[in-house]
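Enquirer: Listed below, chain by chain, are the residues.
Number of protein chains: 2
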Amino acid sequence: MLVSIIPGFVPQNDPELLEKAKASRPKLNKMQLAPLRYLSGDTWEAAEGLKEKELGLGDQVTLDFGRHAVGHVSLDFGIRGSHQDAPLWVRLEMAERLEELEERWDTYRGWISPSWLQREEYHLDSLPCTLSPERRFAFRYVRITVLGVSRKFRVTVNKAEAIAQSAADWDRVPERRFFEKDLQRIYDASLMTLSECTQDVMEDGPKRDRRLWLGDLKLQAETSYISFQSLSVIRRCLYLFAGSRFPDGRLSANVFTDPEIAGDDTYLMDYALFFLDVLCDYVEHAGDREALNDLHETALFQMEYVLERCQNGLISPESAGDFFIDWSDDLDKWAAAQGIVILALNAAERLCGLLGDTERAGDCRKKAEEFRRAARAEFYDPEKGLCLSRGQVSLHTQVFLTLSGVMTPEEGILAIRKAEEVPGSPGMMTPYMHHYYLLALLMAGEKDAALHHMRLYWGSMLEGGADTFFEAWDPEDPTSSPYGGSQVNSYCHAWSCTPARILVEYYPEQYLEMPVEKTQEADT
Amino acid sequence: MLVSIIPGFVPQNDPELLEKAKASRPKLNKMQLAPLRYLSGDTWEAAEGLKEKELGLGDQVTLDFGRHAVGHVSLDFGIRGSHQDAPLWVRLEMAERLEELEERWDTYRGWISPSWLQREEYHLDSLPCTLSPERRFAFRYVRITVLGVSRKFRVTVNKAEAIAQSAADWDRVPERRFFEKDLQRIYDASLMTLSECTQDVMEDGPKRDRRLWLGDLKLQAETSYISFQSLSVIRRCLYLFAGSRFPDGRLSANVFTDPEIAGDDTYLMDYALFFLDVLCDYVEHAGDREALNDLHETALFQMEYVLERCQNGLISPESAGDFFIDWSDDLDKWAAAQGIVILALNAAERLCGLLGDTERAGDCRKKAEEFRRAARAEFYDPEKGLCLSRGQVSLHTQVFLTLSGVMTPEEGILAIRKAEEVPGSPGMMTPYMHHYYLLALLMAGEKDAALHHMRLYWGSMLEGGADTFFEAWDPEDPTSSPYGGSQVNSYCHAWSCTPARILVEYYPEQYLEMPVEKTQEADT
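Line order of the protein sequences matches chains C and U.
The first sequence maps to residues 117 to 640 in the numbering used here.
The second sequence maps to residues 117 to 640 in the numbering used here.
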């Protein structure tokens with residue numbers, strides 16, 4: 117459970133930086149969608165017939181818009197029979213997957229607010245009328261249930277439409293044709309996932325949280341560079357984080373933008389450190405020196421803050437508790453945290469290089485070297501051939517100590533394979549963590565294994581007909597949830613969009629890049 | 117169960133009459149109300165402390181506005197703790213009586229639409245905010261339940277208010293001071309009931325139906341003449357009925373005004389006949405010759421239509437099925453229907469008198485005489501000393517055959533007393549029927565008995581703290597309902613407002629009329 121509450125917390129806002137964040141607010145592209153079909157009882161019917169379908173008390177239809185949409189629903193309700201002599205009481209349920217609608221929502225007792233359930237009730241006093249809820253939803257399916265209607269009339273849905281919105285620009289995406297169908301599907305679903313999460317900010321998930329998180333932003337931005345190139349949104353997000361910080365200069369793990377911009381009172385050390393990576397990547401892709409000048413001190417402060425919590429080249433075990441790493445209650449995070457600190461030192465070196473500060477860059481390089489040595493001494497067991505975090509073997513530990521060079525790639529892949537054989541070790545709970553696992557395999561040159569795992573893990577999400585990748589996924593236990601109830605799981609989640617980037621970067625031989633007309637310049 | 121559905125029914129509209137109905141649309145007076153106290157758990161707390169009360173998941177408060185209100189609710193929600201990181205999901209339940217909130221609304225399975233339950237859900241994404249539902253409700257109590265909220269924040273109700281509306285003008289009501297407290301309460305509750313139902317039209321009940329019904333209009337108008345004198349609303353209602361009729365000229369039992377004016381496809385013969393009474397009373401009180409000229413043909417047609425369904429001075433037993441009389445499934449309505457036809461003939465005679473058509477007035481008088489004789493022959497059993505409707509003894513039969521002069525007042529009161537002793541005879545289900553029962557007692561000079569019954573029946577509604585009179589009431593079975601579930605019962609219902617008129621008309625010795633400054637002329 118992750119619930120941080122700091123009484124009296126007020127973020128420190130920097131009006132100049134927030135002004136720049138506001139100036140980079142993207143335009144949302146809108147698209148009108150009509151349902152393709154509807155489910156009545158157990159039968160799918162063509163959408164054309166919907167307006168003839170008369171609904172009475174307790175009746176239900178489920179509309180399928182044919183793709184995932186983030187946006188608004190609009191329903192024209194009509195009336196058949198006698199004059200309306202009672203309100204129409206109707207429930208709408210919006211779902212990203214059809215399976216969500218089969219869950220008993222009433223029984224949800226998880227620790228995340230049930231207010232995220234996309235379930236709304238309306239009373240319509242004057243039919244015919246158009247119901248256009250102001251709230252934004254994330255959905256492919258919309259279930260309409262008639263909760264109340266009199267015996268004198270029945271209801272029809274004369275027209276249904278969705279207005280889908282996204283700040284992602286598909287015209288900028290090079291057309292890539294994969295030789296294998298399943299990789300095409302994985303690639304497409306990755307970009308769809310990213311597109312749906314690219315809104316007014318880079319959101320973690322448009323169904324739940326609907327908010328800018330730093331750990332998600334990192335992966336979104338990386339995938340955006342090979343696809344939508346949403347530079348303006350990424351710039352906006354960097355300025356939002358820097359513009360509303362903890363009073364001591366730390367970055368919040370996430371930032372609210374409604375009703376006002378405000379950093380959350382949640383600090384995650386790994387997320388704060390990722391700011392270094394996100395800034396470097398952005399500056400390198402966008403050539404935005406203004407952002408580099410405005411934001412590098414904030415970035416480097418995140419590193420310094422963490423280094424103060426290190427001794428003898430090791431992050432303190434207590435501070436490791438401030439790392440997210442993965443949704444896993446029984447994971448010992450110390451060793452993985454150390455790996456992330458080393459990766460952040462690499463990013464700091466890169467940032468100093470961009471600033472032309474070669475001396476400080478050299479310091480970072482040396483520090484990283486020191487931290488790798490200290491980590492190897494503390495965590496690596498040469499006899500067992502893997503790393504342990506206070507005695508615990510986990511994939512998380514092997515992955516981050518491989519990526520950070522504490523083990524050589526050859527040692528790393530052996531360690532990962534051994535760790536996979538250890539019964540009862542903490543499993544990887546999220547596509548977020550699986551992403552870093554893929555990177556570790558690729559670092560060791562295990563391209564086939566990585567592709568196999570991508571197909572196994574991300575591919576299996578698509579088997580039930582999903583259009584986007586999920587927040588949490590265990591193919592062995594499809595209804596598992598980090599929240600105590602899968603009803604609030606998000607099925608289009610930013611941190612799961614990474615396969616597209618990995619395919620493009622590591623598997624160019626798998627696809628043909630098609631020449632496309634670029635209609636406009638990248639959004640800077 | 118009363119559900120009339122005529123496939124393809126389209127009312128016959130008379131644009132000229134409807135224009136006059138629209139021109140008589142009353143101004144609604146608005147009044148701002150604040151809650152006096154709130155219920156938290158089992159304890160009533162002063163309203164001042166409400167804004168300090170922090171609400172979390174599942175918490176509930178019930179506001180008491182101190183009086184019945186028809187109108188709108190507005191709630192200012194605030195937030196305590198960390199920044200809002202999830203929507204607030206809140207349920208509002210509006211109730212006329214506190215007891216309504218104790219009923220399990222989920223279990224309602226009656227034949228009236230559950231959409232009348234005053235229960236709404238809202239998702240509020242951006243706190244603080246004001247929730248001001250557009251829908252109108254009828255309530256004294258508003259229960260707020262927090263269905264969803266995150267662990268990071270709690271909710272407060274910083275301000276609550278109601279805007280109550282009515283077209284009734286209290287300034288026109290003579291102040292009457294009753295010597296006995298309980299009669300004062302009955303009188304006050306009568307006028308409160310009428311005031312709450314005097315809206316854009318004379319509504320039957322502001323919680324449920326919220327619509328103009330002819331049987332209710334009759335009693336509302338009669339009580340209005342001794343109180344609010346809402347002549348313009350009554351005129352509007354007469355024109356609405358006449359302006360949107362059955363294609364064959366019959367009057368609908370009720371008229372819709374939203375989204376457009378339309379007579380319902382429900383015909384009740386007694387209600388249609390009451391139009392004669394309502395028109396006569398109105399013309400006598402308002403001196404409105406224009407209305408008399410415009411509407412008398414429609415009124416007299418209702419009589420003619422019924423007379424065509426009579427033979428040998430008797431309404432046909434089949435047509436008696438078109439009478440409402442009372443909510444009573446096992447009542448044989450034939451004899452009571454005959455009584456109402458005779459009363460309508462009396463009204464027709466009166467109307468012809470107003471028109472100066474003495475000849476036709478005389479015809480009506482003779483017809484009434486013939487119908488009384490025929491009724492006496494058919495229904496009165498001199499040996500038993502009461503009337504039977506196809507062998508069935510009921511109070512309804514005795515009441516309407518007393519009021520219509522089929523029995524003498526002396527015979528009538530004896531018949532009523534005897535009928536009351538017959539075990540298993542159909543009971544009176546509504547204040548509407550009890551009203552006609554009081555009139556029959558008064559016709560026989562039984563003033564004490566009538567007052568005693570008024571106290572027993574209407575008085576007992578007030579014992580639980582009600583501010584207004586109910587639609588249906590059985591003191592022996594307080595949760596009984598004509599609808600298969602008391603959850604949809606209306607607790608402020610027009611047809612129950614009559615005690616005030618009866619007190620003023622029949623019991624002047626019970627009160628002192630106080631001189632009042634009249635601030636304006638009657639609303640003509």
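The set of hints was computed from the structure by calculation and includes no laboratory data.
For each residue, glycine too, the CB sits at the ideal point set by N, CA and C.
Just to be clear, a hint being listed does not mean it is correct.
A few chain U residues that don't get close to chain C, going by computed Cβ distances all over 10 Å [said to hold, decoys possible]:
id, residue
1, Asp201
2, Ile228
3, Ser229
4, Ser231
5, Lys268
6, Pro363
7, Pro542
8, Gly580
Incomplete in silico selection of chain U near chain C, CB under 10 Å [said to hold, decoys possible]:
id, residue
9, Pro131
10, Gly194
11, Pro624
Enquirer: Now, for every hint given, state plainly whether the structure supports it.
Expert: Cross-check of the supplied hints:
1. Asp201: 7 Å, violated
2. Ile228: Not fine: 7 Å to the nearest Cβ puts isoleucine 228/U too close to chain C.
3. Ser229: 4 Å, violated
4. Ser231: 3 Å, violated
5. Lys268: 6 Å, violated
6. Pro363: Proline 363/U clear of chain C: closest Cβ-Cβ about 15 Å, beyond 10 Å.
7. Pro542: Given that every Cβ of chain C is farther than 10 Å from that of proline 542/U, nearest at about 24 Å, it holds.
8. Gly580: 27 Å, holds
9. Pro131: Because about 19 Å separates proline 131/U from the closest Cβ in chain C, which is outside the 10 Å limit, the hint is violated.
10. Gly194: With a closest approach of 12 Å, the glycine 194/U hint is violated.
11. Pro624: Not OK, violated: proline 624/U not within 10 Å of chain C, min 41 Å.
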